[in-house]
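J.: The residues making up each chain are set out below.
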Amino acid sequence: MKWILVGLMVVATVASDLLQSYEMKRAGEHSVGARGLLRLLGTIARRRYLILAVACMAVSFFSFMALVQVEPLSFAVPASAASFIFETLLAKLVLHEHVGVRRAAGALIVLCGVVLLGE
Amino acid sequence: MTATKEKRQGAGILRAYAVLALFIALKAVGNLSLAWGMKHFPQVMSANPLPYLRAMLDPFVALGIVALILALLTRMALFSLADLSFVLPVTAVGYIIAAFLGKIFLHETVTAQRWTGTILIVVGAALVGSGSHKTEIEIE
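Protein chains in written order, with the numbering used here: chain A, 1 to 119; chain B, 1 to 140.
If you are wondering where the hints come from, they were derived from the structure by calculation, not from laboratory data. Every residue gets a Cβ at the ideal spot worked out from N, C-alpha and C, and that includes glycine. Treat the hints loosely; a few may be bogus.
To be verified - What the simulated footprint calls covered on chain B by chain A, stretch by stretch (three residues with Cβ under 8 Å from a Cβ of chain A suffice, anywhere in the stretch; the number is not a length): (1) 10-19; (2) 31-41; (3) 87-98.
To be verified - Between beta-carbon pairs, the in silico distance windows are: (4) K2(A) - L73(B): 15 to 21 Å; (5) I13(B) - Y22(A): 30 to 36 Å; (6) K2(A) - K5(B): 49 to 55 Å; (7) L72(B) - W3(A): 21 to 27 Å; (8) N48(B) - G100(A): 32 to 38 Å; (9) E6(B) - W3(A): 47 to 53 Å; (10) R46(A) - T109(B): 45 to 51 Å.
Using the sequences and the accompanying hints, generate a full structural model.
T.: Structure below.
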């Protein structure tokens, strides 16, 4: 059960981050001041991929809620870092970003850490 | 002129560290409060959304959610003050803090293997973060 919840949380986080990254790049830069945040909310409401990203974020959060109910916090929080592995992979394959050796090595080290957490 | 610029830069760095400390504290409190509330919530979560909504009315769960939302906003503010390559590695320390909080407040057993796994995740996350920024943004 715990790996199903971790999987759901990670898949939803990765989907949300990819959708946000893809759509925000198309939307242009936003500041984080009060006016910038209002503009950001307007952008979210207009762009369906961003609405989908928020929905994925909600799924990820509810999975995390269910996970911390049945599993230790010392497992649930570090396990959420598994999203780094898939985000790195999909950033390369889907968003065609440049993934350097350091970033790829980091993702592999995270993978080793998650495997150790689970055993 | 240079002294004024240095003074402003120093204040900017100080502000970035203050926001960073606030983010780490909010995230830690949020995770702990959420975990505490969920572990004491009588109903087990399932695919049904109703128990989640009921759980949100629990004071500890609600406090956790508010703290995590504030942490998210603080993180956004932090991105405007400092480089992503600085923010991601430093905030990865949160994984270790979560393990400590679990051990101290929730009396969880954290084995040597779990500590090793957590430390590897922090190192890996720091490496991923330090190599993933798009452009250099100077601290104000």
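J.: Taking the hints in turn, state whether each one holds.
T.: Against the structure, the hints come out as follows:
1. 10-19: With 0 residues closer than 8 Å to chain A, the region 10-19 of chain B misses the three-residue bar; violated.
2. 31-41: With 7 residues closer than 8 Å to chain A, the region 31-41 of chain B meets the three-residue bar; holds.
3. 87-98: That given contact holds, which follows from 4 residues of the region 87-98 of chain B lying within Cβ reach (below 8 Å) of chain A.
4. K2(A) - L73(B): 15 to 21 Å: violated, 30 Å
5. I13(B) - Y22(A): 30 to 36 Å: Once the Cβ atoms are compared, 33 Å apart, the range 30 to 36 Å for Y22(A) and I13(B) holds.
6. K2(A) - K5(B): 49 to 55 Å: Cβ of K2(A) to Cβ of K5(B): about 52 Å, so the range 49 to 55 Å holds.
7. L72(B) - W3(A): 21 to 27 Å: Hint holds: Cβ distance 26 Å, inside 21 to 27 Å.
8. N48(B) - G100(A): 32 to 38 Å: This hint is violated: roughly 44 Å between Cβ atoms.
9. E6(B) - W3(A): 47 to 53 Å: holds, 52 Å
10. R46(A) - T109(B): 45 to 51 Å: Holds, since R46(A) and T109(B) (Cβ atoms, about 49 Å apart) stay within the stated range.
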